[in-house]
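All chains should be built: construct the whole structure from the sequences, respecting the hints.
Just so you know, the protein sequences line up as chains A and B, in that order. The first sequence begins at 1 in this note's numbering and counts up by one. The second sequence begins at 282 in this note's numbering and counts up by one.
Just to be clear, a hint being listed does not mean it is correct.
To be verified - When the alpha-carbon atoms are kept at most 30 Å apart in a straight line, the in silico DSSO-like pairs for lysine-lysine are as follows:
{"id": "1", "chain 1": "A", "residue 1": "K136", "chain 2": "A", "residue 2": "K205"}
{"id": "2", "chain 1": "A", "residue 1": "K78", "chain 2": "B", "residue 2": "K362"}
{"id": "3", "chain 1": "A", "residue 1": "K45", "chain 2": "A", "residue 2": "K257"}
{"id": "4", "chain 1": "A", "residue 1": "K45", "chain 2": "B", "residue 2": "K362"}
{"id": "5", "chain 1": "A", "residue 1": "K240", "chain 2": "A", "residue 2": "K228"}
{"id": "6", "chain 1": "A", "residue 1": "K240", "chain 2": "A", "residue 2": "K45"}
In short, the hints are calculated from the structure, not lab data.
Take a look at the letters that make up each chain.
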Amino acid sequence: MLRITWSVSSVCLTILLFAAAGAQAHPHGTEPILLGVAPQQDPAKVFTMWQPVVRYLEREIGHPFAFESAPSIEEFQKRVLEGRYDIWWGNPLTYIQASKRIGYVPIARDTTRIAGLLVTRKEDGIKSAKEVLGKKIAYPAPDALGATLLVQDLLARADVAPNQVEAVYTGTMDSALRGLLDGRVMAAGVVPRAFNSLDAAERDKLSILARTEEVAPQPIAVHPRLYKSVVTQIQRALLKLNWTPEGRQILASILYKEVVVSNDLDYDIHRDVARRLKIPF
Amino acid sequence: MRRLVTVVAVLALVDVLLALGLWSTITVGTAPQSDTMSTVPQSDGQAAPSSAVQHLAELLAASAFRSVITNDYAPLDALIKRSAAWAEVAYVSVEDPQGRILGSTDLARVGQVWNDRIAADLRATARAPYHDVVVAILNPADNSQNAVMGRLRLGYRVEPSRGAAQPNRPNTPLWIVLGLAALAAVPTGLIVVKVATSKRPATTRRRSRGHGDEADSAHEVAPRTLTTRHGSEERTR
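If you want it as structure tokens, here you go:
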């Protein structure tokens with residue numbers, strides 16, 4: 001009799017322990033899962049863009065999510081490297097640093113890949129990348145992956161190191177193109193979307209000197225402290241966004257075309273770029 | 282004795298009816314307006330916080346929004362410090378959705394979870410009574426989203442205004458007024474009965490002395506007698 005009681009008690013205790021563990025998403029218990037989003041635009045705008053995703057994930061996972069951005073890109077990168085976020089979206093170069101230091105893992109990304117264009121004026125008659133040596137080149141920002149880093153990598157492979165040109169950071173791609181059209185710089189680094197948005201007449205005055213290779217865009221990465229079952233749930237929920245009208249609306253709000261599964265191999269090419277540009281990771 | 286009781290009862294009823302009428306007149310004339318800030322706890326003896334205070338709290342919450350979503354508390358601390366410099370502000374507290382205090386005029390509270398005890402402590406240490414206004418921290422750029430990113434609490438001191446803090450409304454409960462009115466009937470009844478009984482023997486005596494004309498003359502004399510006596514009393518004083 002005593003043995004039966006003992007066995008029943010053990011089974012009940014085990015069930016209780018498993019149930020308690022199952023109700024939590026991470027070792028912080030019932031604390032919300034913290035989603036960090038890089039402030040590539042104004043934080044209030046980023047908040048607005050990502051709120052549908054946050055609400056959707058809360059519904060799908062059944063666990064509260066908290067949104068957080070940062071006052072600047074640098075501050076966001078610092079927080080990622082401190083392991084603050086359970087899940088985050090941001091620059092791939094930040095990812096290759098964070099994966100090495102913290103162990104973040106990419107689980108999803110947009111299907112659209114990133115490429116950069118090196119654009120010059122037709123009237124200047126520049127025929128090769130080597131000809132911009134020592135000249136002024138306009139870039140939107142130092143950490144812009146497609147428009148700056150990939151273009152700088154392309155130039156580096158053409159034996160034009162980043163310190164052999166005068167980089168001018170204009171804040172936006174439109175300003176970089178404007179500076180080129182006005183003749184204030186010899187070339188500009190932009191992405192295809194910005195170039196195609198120019199008026200046809202203005203576009204005709206420019207020529208694409210080089211197009212970089214395409215690389216994977218910003219990852220959605222998770223901290224290793226998140227339980228694997230929860231990570232799988234989040235990944236499935238993100239993929240489900242492709243299949244419903246509501247989901248496609250949510251994707252449109254974060255300017256995604258389609259969510260695809262991502263893994264660390266997607267970012268090996270970024271590691272090569274970082275090595276060539278001597279960016280530590 | 283029975284007469285006394287009857288008189289007192291009738292007088293009590295009249296007094297109560299008069300008091301009730303007076304009460305109704307005053308109360309209807311100063312009926313309170315609908316409470317537009319029902320969520321705001323009221324402090325005793327103070328006017329209700331105006332909508333301007335509510336708007337001030339909303340403005341502070343809108344300013345706090347960016348700090349809350351970016352986890353950037355230096356601007357939030359600056360905002361709270363500037364607000365606390367105003368004499369009318371008793372305290373400001375900003376919380377996350379779980380109630381954890383992110384910024385406060387009392388720095389010792391930061392990190393704690395807001396509860397009734399903190400509210401009571403703040404009230405106990407305040408130099409003057411104040412109103413609490415609580416507003417949600419929402420995205421000021423997009424009202425269509427109802428995501429609450431936290432709460433802002435504002436303790437605001439409002440000087441009692443003559444118009445609002447001391448209205449004409451009677452403060453004494455109705456039952457006390459009616460009770461006093463009924464009680465007042467007892468001494469009044471006693472006086473009435475005493476006056477009535479003191480008049481009765483004189484009348485009876487005069488009536489017993491003569492008939493018809495005598496009685497009439499007695500009626501005519503009586504007031505003079507009373508006047509004379511009353512006048513002599515006045516003179517003796």
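To see whether the hints hold, each was checked on the structure:
| no. | hint | result |
| --- | --- | --- |
| 1 | K136/A with K205/A | holds (18 Å) |
| 2 | K78/A with K362/B | holds (27 Å) |
| 3 | K45/A with K257/A | holds (19 Å) |
| 4 | K45/A with K362/B | holds (27 Å) |
| 5 | K240/A with K228/A | holds (18 Å) |
| 6 | K240/A with K45/A | holds (25 Å) |
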